[in-house]
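Peer 1: Keeping the supplied structure of chain A fixed, place chain B with the ligands upon it in accordance with the hints.
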Amino acid sequence: MEFLTPTSMQEALEAKSAHPDAKPILGGTDVMVELNFDRCRPATLLDLTRIPELAEWGRDNGSIKLGAGVSYTRVIAELADQLPGLAMASRTVGSPQIRNRGTVGGNLGAASPAGDSHPALLAADAEIELRSVNGLRRLPATEFYTGVKRHAGRDDELITAVHITPPSGPQQFCKIGTRNAMVISVSAFSIALHPDRSEVRTGIGSAAPTPRRAVDAETWLAAALEANGLWESRGALPEGLAREFAGLVAAAASPIDDVRGTAAYRLHSLSVMARRSLGWVWNDYASGQEH
Amino acid sequence: MRITTTVNSEPRDVDDVWEGESLLYMLRERMGLPGSKNACEQGECGSCTVYLDGVAVCACLVAAGQADGRDIVTVEGLTEGNDLHPVQQAFLDAGAVQCGFCTPGLVVATHDLLARTPQPGDSEIREYLAGNLCRCTGYEKILDAVKLAASRMASSPTKVAK
Ligand SMILES: Cc1cc2nc3c(=O)[nH]c(=O)nc-3n(C[C@H](O)[C@H](O)[C@H](O)COP(=O)(O)OP(=O)(O)OC[C@H]3O[C@@H](n4cnc5c(N)ncnc54)[C@H](O)[C@@H]3O)c2cc1C
Ligand code: FES
Ligand code: FES
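Listed in order, the protein sequences are those of chains A and B.
Anchor point for the first sequence: position 179 equals 179 in the working numbering, and the numbering is continuous, going up by one each time.
Anchor point for the second sequence: position 72 equals 1072 in the working numbering, and the numbering is continuous, going up by one each time.
Since the hints were made in silico from the structure, they are not lab data.
Be a bit skeptical, because a hint or two may be false.
[Unchecked claim] In the SDA-like style, the derived pairs of lysine to any residue whose C-alpha atoms are separated by at most 20 Å in a straight line are:
1. A:K23 - B:E1021
2. B:K1141 - B:L1092
3. A:K23 - B:Q1042
[What the hints assert, rightly or not] Far from chain A, some chain B residues (derived; all Cβ distances over 10 Å):
4. S1022
5. G1035
6. E1044
7. D1071
8. E1076
9. A1094
10. G1095
11. Q1119
12. Y1139
By construction, the Cβ of each residue, glycine as well, lies at the ideal position given by its N, Cα and C atoms.
Here chain A stands alone, though its shape is the one from the complex:
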């Protein structure tokens, strides 16, 4: 096995181009499990932990550029005020040791339907930055997830950053699991209000082959809020609105039965999370908290 340790972005991109089958490794919290259990034997490991650019985040024209190698612990400590949805999701990942090492970039690389950052990224309209020696492209998160543990990155590309414009309204992330720590979600849901453009965004986790938005639920809710003048008045939500929204969220999912839970339980828990989290974000919005 070869172990490549590029120390600059350019070197890393050249390495990936020369070894398209090289397995990138950031925090290793997915890769090392596969190696320890002999589930994969890549010819080449491409260590990306020595590339300063990947380990940084910064502001870029009102949006945040989050390097692929920033740990969950740092997202929680440094970005909770600007990206509360992603920070909430990050808090639910594994344990302190896992959060110290695991990264949003690695979560995207693994592209598991159960990855906890995905619902929050979808609800925030995040864009994924992919780079190769031939250039850089930015994909909306909706186009990034292509199948179970598959994403739109090419073999010569690396996931280098996530670009997120902090949603102008409140955000929530919820996940269902068997205990309060160290669990892969049985189902997960994230919501963000975008009052600046009178829109709602959602993200569903662990309840379809890929993380996905509940687009019909978003459109329906935004229209209902508009029709009732609620974006301006910040008044109480009409009776039954949250329930109808929750039904539409569940309708957007296509879960399976597996060891962690049945499809029916996933649909039920999703609709409960959708209903409750809408109540929470609306309370925050009504009380004037922007997030």
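Peer 2: Just chain B with the ligands, lined up with the frame of chain A:
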């Protein structure tokens, strides 16, 4: 491959490290430091917790090559000469050690917790130690040990240095 590290404040070089092996394997099998335990090799149990450049991590999930040039502190490195660290002593005194397999990881995790939050409440302790499993004690004595260490360290702050 050759790996050059600082382990417990001493420079350590090892040769012929396999590129796919973990930091945990390297510490235990190549450096003669069996304090960090291998129980699950999948990040679930925390028995292999060490500091990597000052950050508490599961050594089983760090590739040995990623540790090249880095600073590592294991449970062996927490002792002060022949004296146990107050966290180690508290685990013994509180009866928080039964089979002992989880102890090294819990000691390092507790050491890290107390460095950040010198007087943690119950929920902070539970939250912070959520990545460390113990199959013997039922955790109550572990909570006692953390609180005992916290109170001893508060009354003799010189011992905290590390
Ligand atoms: C005990 C335990 C608990 C966990 N709990 C959770 C949880 O609660 N929620 C959750 O979502 N996940 C969880 N995970 C999974 C894992 O921690 C996350 O997916 C994490 O985000 C992975 O990040 P990493 O940096 O460690 O990735 P790595 O393991 O380094 O990489 C993950 C994948 O992405 C690829 N990759 C890495 N970097 C790049 C890049 N720059 N470009 C392209 N591909 C790349 C790798 O080749 C690999 O396929 C858990 C894992 C463990 C071991
Ligand atoms: S052996 Fe590393 S976490 Fe269990
Ligand atoms: S004392 Fe035996 S596992 Fe904790």
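Peer 1: Give a verdict on every hint.
Peer 2: Here is how each hint holds up against the structure:
{"no.": "1", "hint": "A:K23 - B:E1021", "in the structure": "14 Å, holds"}
{"no.": "2", "hint": "B:K1141 - B:L1092", "in the structure": "10 Å, holds"}
{"no.": "3", "hint": "A:K23 - B:Q1042", "in the structure": "18 Å, holds"}
{"no.": "4", "hint": "S1022", "in the structure": "6 Å, violated"}
{"no.": "5", "hint": "G1035", "in the structure": "16 Å, holds"}
{"no.": "6", "hint": "E1044", "in the structure": "7 Å, violated"}
{"no.": "7", "hint": "D1071", "in the structure": "14 Å, holds"}
{"no.": "8", "hint": "E1076", "in the structure": "18 Å, holds"}
{"no.": "9", "hint": "A1094", "in the structure": "21 Å, holds"}
{"no.": "10", "hint": "G1095", "in the structure": "24 Å, holds"}
{"no.": "11", "hint": "Q1119", "in the structure": "18 Å, holds"}
{"no.": "12", "hint": "Y1139", "in the structure": "13 Å, holds"}
Violation of the numbered hints given earlier is confined to hints 4 and 6; the remaining hints are satisfied by the structure.
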